[in-house]
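J.: Each chain is listed here by its residues.
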Amino acid sequence: MSDKYFGKPVKRVEDPRFITGTGHYTEDMTLPGMAHAAMLRSPYASARIVSIDATRALAQPGVLAVLTGKDLLDAKIGSIPTGWLLPDLKTPPHYAIAPEVARHVGDVIAAVIAEDRATAEDAVALLDVELEPMDAVALGSDALAPAAPQVHPEAPGNVAFEWEIGDAAAVEENFARAYRTVKLTLRNHRLVPNAIEPRASMAQYQKASDEFTLWTTSQNPHIHRLLLAAFVLGIPEHKLRVISPDVGGGFGSKIFQYPEEVIVLHAARKLNRPVKWSARRSESFVSDAQGRDHETVAELAVDEHHKVLGLRVKTVANLGAYLTTFAPAVPTYLYGTLLNGTYRFPAVHAHVTGVFTNTVGVDAYRGAGRPEATYVVERMMSRMAHELGIDPAEFRRLNFIQPDEFPYQTPVALVYDSGNYEPALDQALERVGYAELRREQEEARARGRYIGIGFSSYLEACGLAPSKLVGQLGAQAGQWESAVVRVMPTGKVEVLTGSHSHGQGHETAFAQIIADDLQIPMEDVSIIHGDTGRMPYGWGTYGSRSAAVGGSAMKMATAKILDKARRIAAHLLEAAPEDVVHEDGKFFVRGVPANSKSFFDVALMAHLAHNIPDDMEPGLEAQHFYDPKNFVYPFGTHVAVVEVDADTGRVKLLKYVAVDDCGPMINPLIAEGQVHGGIAQGVGQALLENTVYDEQGQLVTGSFMEYAVPRADDLVQFDIGHTVTPSPHNPLGVKGIGEAGTIASTAATANAVIDALAPFGIAHLDMPYTPERVWRAIQAARAQTQQAADD
Amino acid sequence: MYTTEFDYHRAGSVQEALALLAANPDAKLLAGGHSLIPAMKLRLASPPALIDVSKVAGLRGIRLEGVEVVIGAMTTHRDVEFSDVLRAACPLLSQVAPLIGDPMVRNRGTVGGALAHADPAADYPASMLALGASMTIASTSGERTVPADEFFTGMFETAVAPGELLTEIRVPAATLGEGQAYEKFAHPASRYAIAGVAAVVRTQGGSVSSARVAMTGAGYHAMRLTKVEEALVGQTPTPEVVEAAVRGAVSPDELLGDHFASAEYRAHLVEVQARKAILRALGSAG
Amino acid sequence: MNRVPINLNVNGKATRSDVEPRQLLVHFLRDTLGLTGTHVGCDTSQCGACTVHVDGEAVKSCTLFAVQADGASVTTIEGLAHEGRLHALQEGFWEMHGLQCGFCTPGMIMSAADLLAHEPDPSEEQIRHALEGNFCRCTGYHNIVRAVRHAAEANARGASSEPVVAADD
Ligand SMILES: Cc1cc2nc3c(=O)[nH]c(=O)nc-3n(C[C@H](O)[C@H](O)[C@H](O)COP(=O)(O)OP(=O)(O)OC[C@H]3O[C@@H](n4cnc5c(N)ncnc54)[C@H](O)[C@@H]3O)c2cc1C
Ligand code: FES
Ligand code: FES
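Residue numbers (the numbering used here), protein chains in the order written: chain A, 4 to 794; chain B, 988 to 1273; chain C, 151 to 319.
In case anyone wonders, no lab produced these hints; they're calculated from the structure. We put the CB at the ideal spot given by N, CA and C, even for glycine. Careful: at least some of the hints might be erroneous.
[Claimed, not checked] Footprint (simulated), chain B over chain A, 3 or more residues, beta carbon under 8 Å: (1) 115–126; (2) 426–437; (3) 770–776.
[To be verified] For the chain B half of the interface with chain C, some residues (derived, Cβ under 7 Å), not all of them: (4) Thr990; (5) Glu992; (6) Phe993; (7) His1021; (8) Lys1028; (9) Leu1031; (10) Pro1078; (11) Leu1086; (12) Pro1090; (13) Asn1094; (14) Arg1095.
Using the sequences provided together with the hints, build the complete structure.
T.: Next comes the structure, spelled out in structure tokens:
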């Protein structure tokens, strides 16, 4: 392989269309005769649907149809399944349109199809619906209370599952001989993903061939096709083509198969016309699967040498009203297995209760389980360092797994393949100017200014994942990835991948890999994704898996191409394939570069087949299905520096340093961009974003007017560094960087805020650090100090 | 994202606007549209007709008239932000305008629209109270002038009656020895004011000769903080005096509260913002 | 349904159209003219994905009825490149990786163009303040700030012969 492109900050090839406004997002598509759908959504968190009278709506000119839950049942449309099963998991039905009971604000009650969108929206307002509101429950722990309203008759006590991992007895034992323990109640609050492109879907039906096409905002069109065809619509899988064109961000929320997709597909068939739906942002807030929402009690124990003895975790995970595609996996296998962090924890035990509530479904949101785990581990590490009166960085260093201990078996199932944690910590300390910063902090405190420094020495397991393993863990999906490399007679190359790009720059990064291996210009390679009609089967993009899994599949397919090309070249050069080398884009007999065949010559001959070995098939195309041998384990240390205004409680981010190890970077420009975006979301969670449901299950923060996504002036320029420890088990050595920023930054920022509040004697405060919450904590702490002084 | 249907009328003159209003009593005036259209998109407002007054002749612009600055009601926030006249004669408004929304909001939104809308979290109302501005209101029966103190009557309520049009705002130009400042504590999501305090303070011979301090955002509508003003006048304005003056500036009972900021917290913020605004106004009093 | 005639100059081309008064400018641009580079990201007039220029000023085209723009010149992202040459901001966003999913990008660029028209040499702080009304969920704004600086510097070097705000009138 020549490294002409690999590792270089190549400008993205997808950008020209986006900067000139010629990208193609689902909402940009129109088809002749297209009708529009609008949804009537439940205004109540829980309500019995008594009646729906569509007479007035249907009387409106331009209104084509009104669909109800009963219509879908009559049409034999099934429930939307979850894609991950756990032992004893309760899987109550999830119908695209609620037939009898609406279970969260935003649950679809009816859909109107009309000639245009305005008419559809007008008609929704004309539906006469009688709803009987019922008691609702929004908080996970409330739902577990004995008298709590029951969300589903199929899930008594609102429990979806109980799950545990680790050795409870070992933890017990270690705690018994602890020198010191700390215990915290932690709330990891709920988030709304808020990709800037709202979801949209457009369906077309071809009556003659009984075929459907669905354009939809999806991170993984094949998963959509599988679920929609096999489970929901009951149509043959090959009769449904799912196309996911340019997608305006996903962050997890566009993995899942949603009700509106079912509705437009059904309506397109029923009306024999294309039907489109696009979400308004206020619909996104009540219908896109949300993230996090854990209530956790965590305990950490150390011995007298400040070495951790064990971590005990009990979590209530709020799953919302319905189990969405990966919902059961997120607070279990993607969470519990990460509770060992980067440390030598001799014993860990976690128990998780998954709970139904009358809220929007909770599923993977950037990081998916891993930010939750990292928050627990890193918050507990800082809390313990504070308790012991030692530096949080040094406490981490003391407990790191050492480089010679890999592969490292954790007490929570995973085997870390590689890692070297101290250099990342050291680099982070140096970049932030740690010693000097601590001095500044001291001085500032003396002047009544409260600066805080917070750490997160995170680890993530990504590159999902060996299919056998995930199968044992309950996945109803494989986790390999596929690639087809197709060389055309002119030597141009089309690469079809099951991975999906919705901002990650695959069209560039993947082309870099292929162009290097084939030794051809990047311009000669195009990456095709997002269309089940063109691509081989694939599982899509989530869990930072594209580079490690999708990229590896491509690399292996390319190796097959090269092998065949070499054999053709050898044939043309009348030499043995072993003697032919591939250098500077040419094939020649070792030592005789003057007589060579170009990649073009070989490609052309492969297609002409006039002169290829007798036993060889013509053509130059290869496919590879790559199933990863293990997860990959990126890691690093992030440091956040914040200032708390004690007068108002407002927290300001001052500085942010991230040192990540994602193995070799295919394209540092893209990799760093991923980190920036991740940091913004993680800092956003700690300081700004909060999803508030009131006791009736009403979403109080249902628009950008109440829900604060980070804006330009909330953030700073980030200081990004890297260390490079290649993954030993995939052909690229790459690990994945898509989620690192989010996984690390929430904990780092939280620790920084608590560090800033330390002078007030505050040992913990739950996120998000909204001004009033911080101000109240300071007031309470001051009152307590006052009280103590008075006594 | 569609509003309900409505008829659209465009007025070229004040007279025409008033006539259209008389003919369409349920119509709403449309100025910059940056409060009205968002409400219509969410169908929180569904007026049967709109009368576009944004291009009414003579209603946009800022001019000095003797000791007063006259601001046409259809002057945009951006006009205010970049106005040299205001920078010299009314620096308070030059401070306030860039804190409203974002550049796109400021390119469309108007001073008159903002005042007539009287959003409890809007920024200008506090300033108009602190400046002692007066509003000119036109109707078919003529023009009347309402001082700012009588203009903001409730949540989204003003002295502008149905059928009337706010045409201009008159602001006394700053005098020697006067300092002006606005301190906004914004909601992190909406960026509207949770507590904004405007202060216009005059000093003479080392003591405060007059003080007008008003808040917005925290309560049902913008209002003067008269207790604070009284505590300042006649005093030598040391930080301690200011601190004492703002304490208990407003009672939580008079304020709004929600999940993001309780009434008690808002009352506290008003004190903090008042202290900052007054100190900065004093610092700039020339 | 009443319709009102409007005349608009969009990206240098005169158009005449009968519109429903309630049609927002963004829907007119996207649905009637097929200019889908201008996006809709919210329904509360906050995200800025819909930003275009009306008579040279950045506005949120989701908060303006098409009728209100009658007689105006409108520039959308599609009209920013001039005679096949990218605008300095388009270059800057490309060069500095100022976009990922690209959904916010057209609005971001139009908004940044408004800034550079007022302030050709903005500081980081000025850039962040000026982009307050444009949400990006992908980039964390880091590279957007760099992209705007890149454009400002290119303009200062005269690397682009285009005026900062191209082809508005
Ligand atoms: C995203 C966003 C952020 C914002 N942030 C802020 C902020 O931080 N601070 C702030 O103060 N404001 C903010 N605003 C509101 C903005 O300032 C509006 O421009 C302003 O509130 C209304 O002015 P307008 O010209 O747009 O009025 P319109 O929306 O056109 O009208 C508002 C109301 O006033 C009536 N009206 C308008 N003109 C007159 C008149 N001359 N006489 C009588 N009645 C009239 C209308 O009928 C309507 O009921 C924000 C708006 C948006 C969309
Ligand atoms: S779509 Fe216009 S501001 Fe969001
Ligand atoms: S690039 Fe995706 S929202 Fe900005």
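J.: Taking each numbered hint in turn, which are not upheld by the structure, reported in ascending numerical order?
T.: Of the numbered hints, 2, 9, 10, 11 do not hold.
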